[in-house]
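**Student:** Sequence:
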Amino acid sequence: MDGEQQHILITGGCGFLGRHIVSAFLSQHPSHEYTVIDVSPLPTSPPDLSNVHYAQVDIRDREAVRRAFAAARPTAVVHSAGIVPSGPSRYSQQDRRHVFEVNVDGTRNVLDAAMEYGSVRAFVYTSSSTVLGDDLSREVPNASEQVEDASRKRWVYGESKTHAENLVLAANCPSTAQPFLTTALRPSVLFGPGDTNLVPPIHALIASRVATAVTLGSGFNLYDVTYVTNAADAHVLAVQNLLLAAALAATAPEPLPVSSGGGGDDPSAAGLPIFITNASPIPFRDFCRAVWARFGHHPPLEVRVPVPAARALGSVADAVSWALGGGGLWRGPHFSLSRGAVEDAVGVRYASGERARRLLGYVPRIGLAEGLDLACEASRFFLGLFRV
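Per UniProt numbering, the very first residue in the sequence shown carries number 1; after that it's consecutive.
Hints listed in this document are in silico derivations from the structure and should not be mistaken for laboratory results.
It should be emphasised that the depicted structure is a prediction, and the values quoted were computed from it without experimental measurement.
Yeah, the Cβ is synthetic: ideal placement off N, Cα and C, and Gly gets one too.
Careful: at least some of the hints might be erroneous.
Label pairs and their calculated CB-CB ranges [said to hold, decoys possible]:
#	residue 1	residue 2	range
1	V320	R138	51 to 59 angstroms
2	E101	A293	52 to 60 angstroms
3	R138	T196	22 to 30 angstroms
4	E63	I206	21 to 29 angstroms
5	P308	L42	47 to 55 angstroms
Sequences and hints are given; from them, build the entire structure.
**Tutor:** And the structure:
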(Lines of atoms letter the chains of each structure in order from A and count residues from 1; the text may use other names and numbers.)
(Lines give C-alpha, C1' and ligand atoms only; values in the text may rest on other atoms or scores of the structure.)
Protein backbone atom coordinates (compact mmCIF):
# COMPACT_ATOMS: atom_id res chain seq x y z
CA MET A 1 0.00 0.00 0.00
CA ASP A 2 2.90 2.36 0.69
CA GLY A 3 4.55 1.76 -2.67
CA GLU A 4 1.64 3.08 -4.72
CA GLN A 5 -0.42 6.25 -4.35
CA GLN A 6 -3.90 5.45 -3.06
CA HIS A 7 -7.04 7.53 -2.66
CA ILE A 8 -9.11 6.38 0.31
CA LEU A 9 -12.74 7.47 0.66
CA ILE A 10 -14.05 7.25 4.23
CA THR A 11 -17.75 7.60 5.01
CA GLY A 12 -18.79 8.72 8.47
CA GLY A 13 -15.37 10.25 8.94
CA CYS A 14 -16.60 12.89 11.39
CA GLY A 15 -18.23 10.37 13.74
CA PHE A 16 -16.92 8.68 16.87
CA LEU A 17 -15.13 5.81 15.12
CA GLY A 18 -14.72 7.61 11.80
CA ARG A 19 -12.55 10.39 13.26
CA HIS A 20 -10.18 7.79 14.65
CA ILE A 21 -10.10 5.91 11.34
CA VAL A 22 -9.07 9.10 9.54
CA SER A 23 -6.37 9.74 12.15
CA ALA A 24 -5.08 6.17 11.90
CA PHE A 25 -4.74 6.39 8.11
CA LEU A 26 -3.01 9.78 8.29
CA SER A 27 -0.60 8.45 10.90
CA GLN A 28 0.31 5.31 8.99
CA HIS A 29 -0.05 6.52 5.38
CA PRO A 30 0.40 10.31 5.40
CA SER A 31 1.12 10.60 1.66
CA HIS A 32 -2.15 9.12 0.37
CA GLU A 33 -5.16 11.17 -0.74
CA TYR A 34 -8.27 11.08 1.45
CA THR A 35 -11.88 12.05 0.87
CA VAL A 36 -14.01 12.14 4.02
CA ILE A 37 -17.79 12.32 3.68
CA ASP A 38 -20.25 12.70 6.53
CA VAL A 39 -23.81 13.90 7.07
CA SER A 40 -22.60 16.15 9.90
CA PRO A 41 -21.24 19.62 9.24
CA LEU A 42 -17.55 19.65 8.43
CA PRO A 43 -15.09 19.90 11.33
CA THR A 44 -14.55 23.43 12.61
CA SER A 45 -10.83 22.76 12.69
CA PRO A 46 -10.09 19.99 10.17
CA PRO A 47 -6.54 18.72 9.69
CA ASP A 48 -4.47 21.36 7.89
CA LEU A 49 -3.51 18.94 5.15
CA SER A 50 -3.84 19.38 1.41
CA ASN A 51 -4.46 15.67 0.89
CA VAL A 52 -7.62 15.47 3.05
CA HIS A 53 -10.86 16.62 1.44
CA TYR A 54 -14.16 16.89 3.32
CA ALA A 55 -17.66 16.80 1.83
CA GLN A 56 -21.02 16.95 3.60
CA VAL A 57 -23.02 14.07 2.13
CA ASP A 58 -26.06 12.14 3.36
CA ILE A 59 -25.53 8.53 2.26
CA ARG A 60 -29.30 8.17 1.82
CA ASP A 61 -28.98 10.58 -1.12
CA ARG A 62 -27.94 8.27 -3.94
CA GLU A 63 -26.99 11.05 -6.37
CA ALA A 64 -24.96 12.94 -3.77
CA VAL A 65 -23.02 9.75 -3.05
CA ARG A 66 -22.39 9.20 -6.77
CA ARG A 67 -21.10 12.77 -7.13
CA ALA A 68 -18.70 12.27 -4.24
CA PHE A 69 -17.31 9.11 -5.84
CA ALA A 70 -17.09 10.74 -9.27
CA ALA A 71 -15.03 13.57 -7.81
CA ALA A 72 -12.74 11.38 -5.71
CA ARG A 73 -12.25 8.28 -7.91
CA PRO A 74 -11.01 6.35 -4.86
CA THR A 75 -9.03 3.14 -4.96
CA ALA A 76 -10.34 2.00 -1.56
CA VAL A 77 -13.43 2.70 0.53
CA VAL A 78 -14.01 2.49 4.26
CA HIS A 79 -17.75 2.64 4.86
CA SER A 80 -18.16 3.58 8.51
CA ALA A 81 -21.23 5.83 8.30
CA GLY A 82 -24.29 4.58 10.12
CA ILE A 83 -26.75 5.26 12.88
CA VAL A 84 -26.58 3.56 16.28
CA PRO A 85 -29.79 3.79 18.34
CA SER A 86 -28.85 4.57 21.93
CA GLY A 87 -30.55 4.40 25.29
CA PRO A 88 -34.13 3.12 25.34
CA SER A 89 -34.46 3.52 21.55
CA ARG A 90 -32.01 0.63 21.15
CA TYR A 91 -34.78 -1.77 22.18
CA SER A 92 -37.61 -0.05 20.32
CA GLN A 93 -39.08 -0.51 16.85
CA GLN A 94 -39.99 3.18 16.76
CA ASP A 95 -36.93 4.24 14.72
CA ARG A 96 -36.82 1.13 12.55
CA ARG A 97 -37.50 2.92 9.26
CA HIS A 98 -34.83 5.57 9.85
CA VAL A 99 -32.24 3.01 10.99
CA PHE A 100 -32.81 0.87 7.89
CA GLU A 101 -32.75 3.89 5.56
CA VAL A 102 -29.29 4.84 6.84
CA ASN A 103 -27.70 1.49 7.62
CA VAL A 104 -29.11 -0.63 4.78
CA ASP A 105 -30.24 1.71 1.99
CA GLY A 106 -27.28 4.03 2.64
CA THR A 107 -24.87 1.10 2.48
CA ARG A 108 -26.44 0.01 -0.80
CA ASN A 109 -25.90 3.51 -2.22
CA VAL A 110 -22.24 3.59 -1.18
CA LEU A 111 -21.65 0.06 -2.44
CA ASP A 112 -23.31 0.74 -5.80
CA ALA A 113 -21.26 3.90 -6.30
CA ALA A 114 -18.06 2.06 -5.43
CA MET A 115 -18.83 -0.65 -7.98
CA GLU A 116 -19.91 1.87 -10.61
CA TYR A 117 -16.58 3.68 -10.59
CA GLY A 118 -14.10 0.99 -11.56
CA SER A 119 -11.20 2.53 -9.66
CA VAL A 120 -12.23 0.93 -6.35
CA ARG A 121 -10.36 -2.26 -5.48
CA ALA A 122 -11.01 -2.56 -1.74
CA PHE A 123 -14.23 -2.00 0.23
CA VAL A 124 -14.12 -2.30 4.03
CA TYR A 125 -17.46 -2.14 5.84
CA THR A 126 -17.84 -1.29 9.52
CA SER A 127 -20.32 -3.94 10.59
CA SER A 128 -20.89 -4.82 14.25
CA SER A 129 -20.72 -7.71 16.67
CA THR A 130 -24.45 -7.10 17.15
CA VAL A 131 -25.10 -9.23 14.07
CA LEU A 132 -24.75 -12.00 16.67
CA GLY A 133 -25.16 -10.13 19.95
CA ASP A 134 -28.58 -8.71 19.08
CA ASP A 135 -29.90 -12.21 18.32
CA LEU A 136 -31.39 -12.99 21.72
CA SER A 137 -32.19 -16.61 20.86
CA ARG A 138 -28.61 -17.69 21.62
CA GLU A 139 -25.57 -16.94 23.72
CA VAL A 140 -22.36 -16.19 21.85
CA PRO A 141 -19.38 -17.44 23.89
CA ASN A 142 -16.10 -17.18 21.95
CA ALA A 143 -18.06 -16.79 18.73
CA SER A 144 -16.41 -17.49 15.40
CA GLU A 145 -17.31 -15.84 12.12
CA GLN A 146 -20.00 -17.02 9.78
CA VAL A 147 -22.30 -15.21 7.38
CA GLU A 148 -25.43 -14.47 9.39
CA ASP A 149 -29.04 -15.16 8.44
CA ALA A 150 -30.72 -11.75 8.30
CA SER A 151 -34.15 -13.31 8.88
CA ARG A 152 -33.37 -14.25 12.51
CA LYS A 153 -35.04 -12.04 15.10
CA ARG A 154 -32.77 -9.27 16.40
CA TRP A 155 -32.93 -5.78 17.82
CA VAL A 156 -33.27 -3.24 15.03
CA TYR A 157 -29.62 -2.17 14.97
CA GLY A 158 -28.24 -5.71 14.76
CA GLU A 159 -30.81 -6.62 12.12
CA SER A 160 -29.89 -3.60 10.00
CA LYS A 161 -26.17 -4.33 10.26
CA THR A 162 -26.77 -7.96 9.28
CA HIS A 163 -28.64 -6.94 6.12
CA ALA A 164 -25.96 -4.39 5.20
CA GLU A 165 -23.08 -6.77 5.93
CA ASN A 166 -24.59 -9.44 3.71
CA LEU A 167 -24.90 -6.91 0.86
CA VAL A 168 -21.23 -6.02 1.17
CA LEU A 169 -19.94 -9.59 1.38
CA ALA A 170 -22.11 -10.70 -1.56
CA ALA A 171 -20.49 -7.97 -3.71
CA ASN A 172 -17.00 -9.44 -3.30
CA CYS A 173 -15.60 -10.13 -6.78
CA PRO A 174 -12.00 -11.39 -7.12
CA SER A 175 -11.99 -11.41 -10.93
CA THR A 176 -8.62 -10.80 -12.58
CA ALA A 177 -9.83 -7.98 -14.82
CA GLN A 178 -11.24 -5.63 -12.18
CA PRO A 179 -11.07 -7.17 -8.72
CA PHE A 180 -13.50 -5.62 -6.25
CA LEU A 181 -12.74 -7.07 -2.84
CA THR A 182 -14.89 -6.59 0.24
CA THR A 183 -14.72 -7.44 3.91
CA ALA A 184 -16.87 -6.63 6.94
CA LEU A 185 -15.31 -5.82 10.30
CA ARG A 186 -17.42 -6.60 13.36
CA PRO A 187 -16.10 -4.53 16.27
CA SER A 188 -17.61 -5.19 19.66
CA VAL A 189 -19.03 -2.31 21.70
CA LEU A 190 -16.65 0.63 21.31
CA PHE A 191 -15.42 2.93 24.04
CA GLY A 192 -12.92 5.75 24.26
CA PRO A 193 -12.84 9.56 24.06
CA GLY A 194 -16.09 10.68 22.45
CA ASP A 195 -18.04 7.56 23.42
CA THR A 196 -21.70 8.20 24.25
CA ASN A 197 -23.09 4.65 24.34
CA LEU A 198 -21.04 2.75 26.93
CA VAL A 199 -19.05 4.66 29.56
CA PRO A 200 -21.48 7.62 29.96
CA PRO A 201 -24.56 5.42 30.63
CA ILE A 202 -22.58 3.35 33.14
CA HIS A 203 -21.30 6.51 34.83
CA ALA A 204 -24.85 7.91 34.96
CA LEU A 205 -25.89 5.06 37.27
CA ILE A 206 -23.75 6.56 40.04
CA ALA A 207 -26.47 9.17 40.54
CA SER A 208 -28.71 6.36 41.80
CA ARG A 209 -26.80 4.54 44.52
CA VAL A 210 -29.36 1.76 44.35
CA ALA A 211 -28.61 1.10 40.68
CA THR A 212 -24.89 0.44 41.20
CA ALA A 213 -25.63 -1.98 44.04
CA VAL A 214 -27.78 -4.24 41.86
CA THR A 215 -26.18 -7.16 40.01
CA LEU A 216 -28.38 -8.81 37.40
CA GLY A 217 -27.70 -12.53 37.23
CA SER A 218 -24.41 -14.02 38.37
CA GLY A 219 -22.32 -11.04 37.29
CA PHE A 220 -19.83 -13.39 35.64
CA ASN A 221 -21.16 -13.26 32.06
CA LEU A 222 -18.29 -12.36 29.74
CA TYR A 223 -18.61 -9.36 27.45
CA ASP A 224 -16.44 -7.90 24.69
CA VAL A 225 -15.54 -4.24 24.44
CA THR A 226 -13.05 -2.60 22.07
CA TYR A 227 -11.04 0.58 22.52
CA VAL A 228 -11.85 2.86 19.60
CA THR A 229 -8.31 3.40 18.27
CA ASN A 230 -7.79 -0.37 18.14
CA ALA A 231 -10.86 -0.67 15.91
CA ALA A 232 -9.51 2.16 13.75
CA ASP A 233 -6.19 0.32 13.35
CA ALA A 234 -8.10 -2.76 12.20
CA HIS A 235 -9.69 -0.77 9.37
CA VAL A 236 -6.27 0.33 8.11
CA LEU A 237 -5.05 -3.27 8.23
CA ALA A 238 -8.13 -4.46 6.35
CA VAL A 239 -7.63 -1.94 3.54
CA GLN A 240 -3.97 -2.95 3.27
CA ASN A 241 -4.97 -6.62 3.12
CA LEU A 242 -7.56 -6.12 0.37
CA LEU A 243 -5.37 -3.85 -1.76
CA LEU A 244 -2.57 -6.41 -1.67
CA ALA A 245 -5.01 -9.21 -2.53
CA ALA A 246 -6.44 -7.12 -5.38
CA ALA A 247 -2.96 -6.52 -6.79
CA LEU A 248 -2.26 -10.25 -6.68
CA ALA A 249 -5.63 -11.06 -8.27
CA ALA A 250 -5.02 -8.61 -11.11
CA THR A 251 -1.76 -10.34 -12.02
CA ALA A 252 -2.91 -13.94 -11.50
CA PRO A 253 -3.24 -16.12 -14.63
CA GLU A 254 -6.61 -17.41 -13.38
CA PRO A 255 -9.26 -15.90 -11.08
CA LEU A 256 -8.38 -16.39 -7.43
CA PRO A 257 -10.90 -18.32 -5.33
CA VAL A 258 -12.90 -16.48 -2.70
CA SER A 259 -11.18 -16.95 0.66
CA SER A 260 -12.84 -19.39 3.01
CA GLY A 261 -10.97 -18.11 6.03
CA GLY A 262 -10.33 -21.71 6.92
CA GLY A 263 -6.68 -21.36 7.78
CA GLY A 264 -5.11 -22.38 4.47
CA ASP A 265 -2.47 -20.54 2.49
CA ASP A 266 -4.77 -17.71 1.38
CA PRO A 267 -4.22 -14.72 3.70
CA SER A 268 -6.90 -12.58 2.07
CA ALA A 269 -9.79 -11.15 4.05
CA ALA A 270 -11.85 -10.81 0.86
CA GLY A 271 -15.43 -11.98 1.19
CA LEU A 272 -15.16 -12.54 4.93
CA PRO A 273 -16.60 -11.07 8.14
CA ILE A 274 -14.01 -10.50 10.89
CA PHE A 275 -14.58 -9.86 14.59
CA ILE A 276 -12.54 -7.03 16.11
CA THR A 277 -12.13 -7.07 19.89
CA ASN A 278 -9.73 -5.99 22.61
CA ALA A 279 -8.82 -9.68 23.09
CA SER A 280 -9.78 -9.39 26.76
CA PRO A 281 -13.42 -10.33 27.45
CA ILE A 282 -14.52 -9.18 30.90
CA PRO A 283 -17.54 -9.90 33.09
CA PHE A 284 -19.99 -7.10 32.39
CA ARG A 285 -20.36 -6.35 36.10
CA ASP A 286 -16.57 -6.03 36.48
CA PHE A 287 -16.44 -3.58 33.59
CA CYS A 288 -19.10 -1.44 35.30
CA ARG A 289 -17.18 -1.57 38.59
CA ALA A 290 -14.00 -0.53 36.80
CA VAL A 291 -15.75 2.52 35.33
CA TRP A 292 -17.29 3.52 38.66
CA ALA A 293 -13.97 3.11 40.47
CA ARG A 294 -12.32 5.57 38.11
CA PHE A 295 -14.92 8.13 39.18
CA GLY A 296 -14.30 7.36 42.85
CA HIS A 297 -17.47 5.34 43.37
CA HIS A 298 -17.52 1.90 44.97
CA PRO A 299 -20.94 0.30 45.55
CA PRO A 300 -21.33 -0.07 49.33
CA LEU A 301 -23.29 -3.31 48.98
CA GLU A 302 -24.37 -5.78 46.34
CA VAL A 303 -27.82 -7.19 45.72
CA ARG A 304 -28.07 -10.05 43.24
CA VAL A 305 -31.24 -10.39 41.20
CA PRO A 306 -31.63 -13.81 39.50
CA VAL A 307 -31.94 -13.70 35.72
CA PRO A 308 -35.59 -14.92 35.62
CA ALA A 309 -36.61 -12.24 38.12
CA ALA A 310 -34.65 -9.57 36.26
CA ARG A 311 -36.31 -10.54 32.98
CA ALA A 312 -39.71 -10.42 34.63
CA LEU A 313 -39.01 -6.94 36.00
CA GLY A 314 -37.83 -5.85 32.56
CA SER A 315 -41.01 -7.15 30.94
CA VAL A 316 -43.16 -5.35 33.52
CA ALA A 317 -41.21 -2.14 32.85
CA ASP A 318 -41.82 -2.57 29.11
CA ALA A 319 -45.55 -2.95 29.74
CA VAL A 320 -45.65 0.15 31.94
CA SER A 321 -43.60 2.08 29.38
CA TRP A 322 -46.05 1.10 26.65
CA ALA A 323 -49.04 2.05 28.79
CA LEU A 324 -47.54 5.44 29.63
CA GLY A 325 -46.55 6.16 26.06
CA GLY A 326 -42.82 5.88 26.62
CA GLY A 327 -42.44 6.40 30.36
CA GLY A 328 -40.80 3.70 32.43
CA LEU A 329 -40.37 2.33 35.93
CA TRP A 330 -36.74 3.32 36.14
CA ARG A 331 -35.58 5.89 33.69
CA GLY A 332 -32.69 8.31 33.48
CA PRO A 333 -30.96 10.34 30.76
CA HIS A 334 -28.96 7.32 29.60
CA PHE A 335 -30.74 4.29 31.04
CA SER A 336 -34.18 2.79 31.54
CA LEU A 337 -35.14 -0.56 32.93
CA SER A 338 -36.45 -2.76 30.13
CA ARG A 339 -36.32 -6.36 28.99
CA GLY A 340 -33.73 -5.33 26.41
CA ALA A 341 -31.50 -3.62 28.98
CA VAL A 342 -31.67 -6.77 31.12
CA GLU A 343 -30.67 -8.98 28.18
CA ASP A 344 -27.72 -6.70 27.44
CA ALA A 345 -26.61 -6.91 31.07
CA VAL A 346 -26.87 -10.69 31.51
CA GLY A 347 -25.90 -11.95 28.04
CA VAL A 348 -22.69 -13.83 27.23
CA ARG A 349 -21.25 -11.99 24.22
CA TYR A 350 -17.63 -12.33 23.26
CA ALA A 351 -15.90 -13.45 20.10
CA SER A 352 -12.73 -15.11 18.91
CA GLY A 353 -10.07 -12.78 17.56
CA GLU A 354 -8.20 -15.55 15.75
CA ARG A 355 -9.23 -14.56 12.23
CA ALA A 356 -8.30 -10.90 12.80
CA ARG A 357 -4.86 -11.94 14.07
CA ARG A 358 -4.24 -14.45 11.29
CA LEU A 359 -5.50 -12.50 8.28
CA LEU A 360 -4.93 -8.89 9.29
CA GLY A 361 -2.11 -9.18 11.79
CA TYR A 362 -4.38 -7.31 14.20
CA VAL A 363 -3.22 -7.03 17.80
CA PRO A 364 -4.85 -4.37 20.01
CA ARG A 365 -2.32 -1.66 20.90
CA ILE A 366 -4.33 -0.21 23.79
CA GLY A 367 -5.14 -2.68 26.55
CA LEU A 368 -8.37 -2.71 28.51
CA ALA A 369 -7.05 -1.00 31.66
CA GLU A 370 -5.27 1.75 29.71
CA GLY A 371 -8.31 2.22 27.52
CA LEU A 372 -10.55 2.61 30.56
CA ASP A 373 -8.18 5.20 32.03
CA LEU A 374 -8.24 7.21 28.80
CA ALA A 375 -12.00 6.88 28.26
CA CYS A 376 -12.94 7.83 31.82
CA GLU A 377 -10.52 10.76 31.88
CA ALA A 378 -12.12 12.05 28.66
CA SER A 379 -15.60 11.64 30.17
CA ARG A 380 -14.43 13.36 33.35
CA PHE A 381 -13.28 16.34 31.30
CA PHE A 382 -16.53 16.42 29.31
CA LEU A 383 -18.64 16.29 32.48
CA GLY A 384 -16.55 18.97 34.17
CA LEU A 385 -15.34 16.55 36.84
CA PHE A 386 -11.77 17.80 36.87
CA ARG A 387 -9.20 16.33 39.20
CA VAL A 388 -7.93 18.67 41.89
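**Student:** Now tell me, hint by hint, if it's right for this structure.
**Tutor:** Hint by hint, here is what the structure shows:
no.	hint	in the structure
1	V320 - R138: 51 to 59 angstroms	violated, 28 angstroms
2	E101 - A293: 52 to 60 angstroms	violated, 41 angstroms
3	R138 - T196: 22 to 30 angstroms	holds, 28 angstroms
4	E63 - I206: 21 to 29 angstroms	violated, 47 angstroms
5	P308 - L42: 47 to 55 angstroms	holds, 50 angstroms
Checked against the numbered hints listed earlier, the structure breaks hints 1, 2, 4; every other hint is satisfied.
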